[in-house]
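In order, the protein sequence lines correspond to chains Z and E. For the first sequence, our numbering gives the first residue as 1, with consecutive numbering after it. For the second sequence, our numbering gives the first residue as 1, with consecutive numbering after it.
Be careful, since some hints might not be right.
[Claimed, not checked] Reference listing, derived: stretches of chain E covered by chain Z, where coverage requires no fewer than 3 residues with Cβ under 8 Å from a Cβ of chain Z:
no., stretch
1, 48 to 56
2, 66 to 75
[Stated by the list, open to error] Here are some chain Z residues pointing at chain E (derived, C-beta under 7 Å):
no., residue
3, Ala32
4, Lys75
5, Gly78
6, Pro82
I should point out that these hints are in silico values taken from the structure, not numbers from a laboratory. These numbers were taken from a predicted model, which means no experiment stands behind them. Every residue, glycine too, gets a C-beta built ideally from N, C-alpha and C.
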Amino acid sequence: MPAAPDLVGRLLDATVTTIRAHAAQLTALDQAIGDGDHGINLRRGFDAIAQARDELAALPLDQALQKAGMTLVMKVGGASGPLYGSLLMAMGKAGAPQDPAGIAEALGQGIEAVKKRGRADVGAKTMLDVLVPTLQALQEGAADSASIGELTRKIRSVAADALAATGPMRATKGRASFLGERSIGHLDPGAKSSALLIEAVCDVLEGGS
Amino acid sequence: MTADNVAIVIVSHSALVAQGAADMVRGMVGDEVRVAACGGDPEGGLGTDVAAIKGAIASVYGPAGVAILVDLGGALTNSEMAVELLPGEWQENVVICDAPLVEGAVLAATEAAGGSDLAQVRAVAEELSS
Numbered sequence: 001m002p003a004a005p006d007l008v009g010r011l012l013d014a015t016v017t018t019i020r021a022h023a024a025q026l027t028a029l030d031q032a033i034g035d036g037d038h039g040i041n042l043r044r045g046f047d048a049i050a051q052a053r054d055e056l057a058a059l060p061l062d063q064a065l066q067k068a069g070m071t072l073v074m075k076v077g078g079a080s081g082p083l084y085g086s087l088l089m090a091m092g093k094a095g096a097p098q099d100p101a102g103i104a105e106a107l108g109q110g111i112e113a114v115k116k117r118g119r120a121d122v123g124a125k126t127m128l129d130v131l132v133p134t135l136q137a138l139q140e141g142a143a144d145s146a147s148i149g150e151l152t153r154k155i156r157s158v159a160a161d162a163l164a165a166t167g168p169m170r171a172t173k174g175r176a177s178f179l180g181e182r183s184i185g186h187l188d189p190g191a192k193s194s195a196l197l198i199e200a201v202c203d204v205l206e207g208g209s
Numbered sequence: 001m002t003a004d005n006v007a008i009v010i011v012s013h014s015a016l017v018a019q020g021a022a023d024m025v026r027g028m029v030g031d032e033v034r035v036a037a038c039g040g041d042p043e044g045g046l047g048t049d050v051a052a053i054k055g056a057i058a059s060v061y062g063p064a065g066v067a068i069l070v071d072l073g074g075a076l077t078n079s080e081m082a083v084e085l086l087p088g089e090w091q092e093n094v095v096i097c098d099a100p101l102v103e104g105a106v107l108a109a110t111e112a113a114g115g116s117d118l119a120q121v122r123a124v125a126e127e128l129s130s
């Protein structure tokens, strides 16, 4: 899509805001089935991104994604750092997207990096269970030449449903897998943070942020 | 002397666990093997820190290579990330062992002290998981 004014800055602000606002909720979800640090860790990473906000906002989107990804890798202090860091860095390496098909291409590359880093795929109760359905919705919308408004409406709905679907799943990756059956009935914290970030990006693309 | 042997890096979520495991290695194996301990997130809480892991590897790195022992999931993910951030020519000389942290560190260091190569050091540690 055409480079909207300060697109990178608005994406940074929206994602930092949502992670800060939901850090306690993410930590509470993680206390139920993980080690209770997801919100604290992601908040530390996004606080570091906020500190570098103006420097990042001056970069083209692809470079900003790579740099923000490296910031998460170095600052988060949990597995979510390399996972989200790899996602953003691989998306950035795919180049600056010009249209929804380009965003889908970049997200696809990012998802492959997350799968590799986490040795996981869909169905293991992870962030991939939100990211992959979101990618599918994005690809379908791009193929149908959907408007941005149609696209974000679809993506919000798909991401919310995908997040809810992690509740009944049994975790087979990460610390939640130690709980086995007891992981069932809780939303996955990584799926929740992914859904929050996707909503924030939708807000920006709709111009509502 | 010690630079000819494989070095050991211990990565735990807890700085105390990492230091304690390193103390055991030094106490049981001696100074024939360089060992670095690394634990805690960037603010000193429980967790692991990619930059600190990278620094720990660099502090003991030598041509014989480095064997890394990790505790739980994030320690592995962050160690893999740290290895990828090392200079390219180092990367094939640094391995992460699929082994229990404390026992793996002591056995790997014992093997390394005898002058075994990196593959052998790793294999001995990983026998604990088989």
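Structure-based check of each hint:
no., hint, result
1, 48 to 56, "holds (count 4)"
2, 66 to 75, "holds (count 3)"
3, Ala32, "violated, 17 Å"
4, Lys75, "holds, 6 Å"
5, Gly78, "holds, 5 Å"
6, Pro82, "holds, 4 Å"
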